[in-house]
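Participant: One-letter residues, chain by chain:
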Amino acid sequence: MNRRVFDAGPFDQYERHGFDEMFAEDGQPRPHYAALYNRLATLSAEDMESRHHMADLVMRRQGITFTVYGRGEGLEQIIPFDPIPRLISSEEWETIERGLEQRVRALNAFVHDVYHDRLILKDRVVPAELVVGASGYQRECVGLRVPRDIYIHISGIDLIRDEHGRFLVLEDNARTPSGVSYVLNNRHVMKQVFPFLFQQYNVRPIDDYPANLLATLRAIDPSGRDDPTVAVMTPGVYNSAYFEHSFLARQMGVELVEGRDLFFDGGYVYMRTTRGPRRVDVLYRRVDDRSLDPLAFDRTSVLGVPGLYGALRAGNLGLANALGTGVCDDKAIYPFVPEFVRYYLREEPILANVETFRLTEPSHRQHVLSNLEKLVVKAVDGSGGYGMLIGPASTKAQREEFARKIEADPRRFIAQPTISLSQHPTFVDGRLAGRHIDLRPFVLFGDQVRVLPGGLTRVALPKGSLVVNSSQGGGTKDTWVLRGDPPEKIEGPGELQGD
Amino acid sequence: MLSRVAENLYWISRYLERVESVARLLDDSFQLELDAAGLHAAASGERPVESVLSILGCKEAFHKAHPNGGRSEVLKFLTFERDHADSMLSMIGRARENARGTQETLSAEVWGQINRLYLYLCGRQARRRYRTSPSRFFEGIKRSCILYTGLVESTLPRSEVYHFLQFGRYLERVMQLSRILGVKVQALRQVEPLAAGSLRVVYSTSLLQSCSAYDAYIRQAHEQIDPLGAVGYLMLDPDFPRSMRFGVDRACVALRAISGGDEHGFATEAERLLGRLGSDLRFLDLDEVIHRGLEQFLTEVLSTCHRVAHEVHQTYFLA
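Each protein sequence line maps, in turn, to chains G and F. Counting in the working numbering, the first sequence tops out at residue 499, every number present. Counting in the working numbering, the second sequence tops out at residue 1319, every number present.
Derived from the structure by calculation, the hints contain no laboratory data. Positions of the beta carbon are idealized from the N, C-alpha and C atoms, including for glycine. Keep in mind that a hint or two might mislead.
Claimed, not checked - Just the calculated beta-carbon pair ranges, DEER-fashion:
id, chain 1, residue 1, chain 2, residue 2, range
1, F, ARG1131, G, ARG61, 39 to 47 Å
2, F, ARG1158, G, THR300, 58 to 66 Å
3, G, PRO362, F, ALA1108, 56 to 64 Å
Stated by the list, open to error - So, partial list: chain G residues that the calculated Cβ filter (under 10 Å) puts toward chain F:
id, residue
4, GLU15
5, LEU248
6, ARG260
Next up, chain G with everything else stripped away, as it sits in the complex (with noise of 0.2 Å):
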């Protein structure tokens, strides 16, 4: 382990660990951070905590927040946000671009040939029955057809970065991710709170995602209609990303629906109006699959519209994301996602899976059992930090706890290298120190795939931590994709005080 102690103002203290976003081996801090770095030595600790209570109160007064479950009707809080930008150069951008435009193809073509042709599964490329027991696997969608052939038309694919600087995927979410509207408004939080520090950067523009991500969502309308009739579907004010809902229906200037909003009529999905029925054609759903429609799936479910799916057969609504995109989410599918780039496309994959060891192979299985502590065990259902097992912070009980569990179904999990995620400086306490982060870049697949440039960055705050998500207490920061060089030194805002 490398460490080093700077001296420069914030940056008092700080320690530099495994791979570090902004200081190479050497302590000096990378071209594209030397500005940044610079500018920030130069900040008192008043200066920094000014700005970073600033953003607090932009996101609380916008109502920024997401809700946090198991307490009562559901709290709001805001994420916190961390006011030091996250930086990526041009060069590297451009790998991670091409390398998430080809793993979303390869899922695409995946799911579509999972409810078709199923040639993959006869090719014995990956077990049938790892496909038809993920949880994500939708019965119902075997044979179903969906404009152009596309599933995945909003993805979420988490990316880290190894010990050796090297982006790796981390997990696909291709169901209903979330987080774009804290990218998009933390940009509009840093350029309140570094407007000098942002404007010489020179750092490539994010704001038409919603005009984008319209513009996919049209593309899957199946009623050739001049101006079809698009919508957002969540689950209601109390679900954890209502906020995202809800910003991402105002940005695109249309309608935010709920289940009892919609009903089924005649093959068609209406919304009721002032004015009467109004047919809808494209949903953009944050409902989860089994949710979506009591007379075909989860008959308890009141989120839902019945009826749903049988406008889903006809072909007369285009849904976003298709229905049965969760297999790919599974975490027992995700070791073969760079056999499905080879697969489908022909190609050599250019992003890496995180080495994993498959639990219902034996001899993964016994390598893992006698291992658990050096090991990240998952379960291949679970998301936001649950149902985890960090083996070297955890304790004997809870590995025999884990142990048992796998023996019991080892489909269930499973299990991962423990890997030290980098780390960039993040603000605590007034003063700068290294914490993990990881990176959600989102990619959209409709008319054409588009990537947004940078996405959501998240950051493990507790010191040590290596789980980002904002259920478990992570925060995010601004990311930064880099047109072209960085500035040399960012020139103050002359007479102004500023940054």
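For chain G, the structure is supplied; the task is to place chain F on it using the hints.
Facilitator: The following block gives chain F in isolation, referenced to the frame of chain G:
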């Protein structure tokens, strides 16, 4: 527009209009109690602050919750009490919850303002200010509500969203005014035997002030304040934005904009009811109203408003 959203919008406006009215009533009655007039009133009947409970129809609820409550309990009951559905905090909370569920249809400014007002009222700053000076606190709430109204006026296109907000606000305003007049006129009647001219003036002034109508009335009446003149002004003036006639007309305009009707007819039962009330207010004079019985008239106005609300509910919210 979605029916659910339309209903939410209508309630947002009604709640905020009611909050503004409660702030104004509490401010005014608190001031009145600080004057000697408060003592007289206490001797002759209901104290000014208690009369606010009557106006809002929650006297029983208050006495049940605070059997021996005095002035400061009343003020707190109507301001910060979460358990009481008609306290300002509860109403702003509901307005905010409705706004949160429809924020994509509002402008960011309007939603932000409602959210800020709610956060303020939940926070420590509000309580601190309230303890130091209730009047300054109420003043702040009134300003926040008016800022909300101003943001609605200046950031929303004149679409259905705007018209439902307008309709809710003016309907609530007319209902509030009917209740205020009902209670205040009764109070005026009770102090009349005391016959002190100055007390009549104090009460009429308070009536006008609780509707922010004092300056406007004086400029128009050019004379010493007379109770009947004040009542007539608040009910029948065509140009004053808080008069009953003005409110009924605006609510009617909003409904016509929603239905797409014109001013010569009516497209819905709600428009017919409001239109008829509007023409009453246009063509009646105060003597006739008094002759028919003021209390009776005010009760009729309220019942018309309830029927209008019901009709709008049937026509637009249950689609």
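Participant: Would you mind marking each hint as holding or not holding in the structure?
Facilitator: Comparing the hints with the structure gives:
no., hint, result
1, F:ARG1131 x G:ARG61: 39 to 47 Å, "violated, 24 Å"
2, F:ARG1158 x G:THR300: 58 to 66 Å, "violated, 43 Å"
3, G:PRO362 x F:ALA1108: 56 to 64 Å, "holds, 57 Å"
4, GLU15, "violated, 37 Å"
5, LEU248, "holds, 8 Å"
6, ARG260, "holds, 7 Å"
When each numbered hint is compared with the structure, violations occur for hints 1, 2 and 4.
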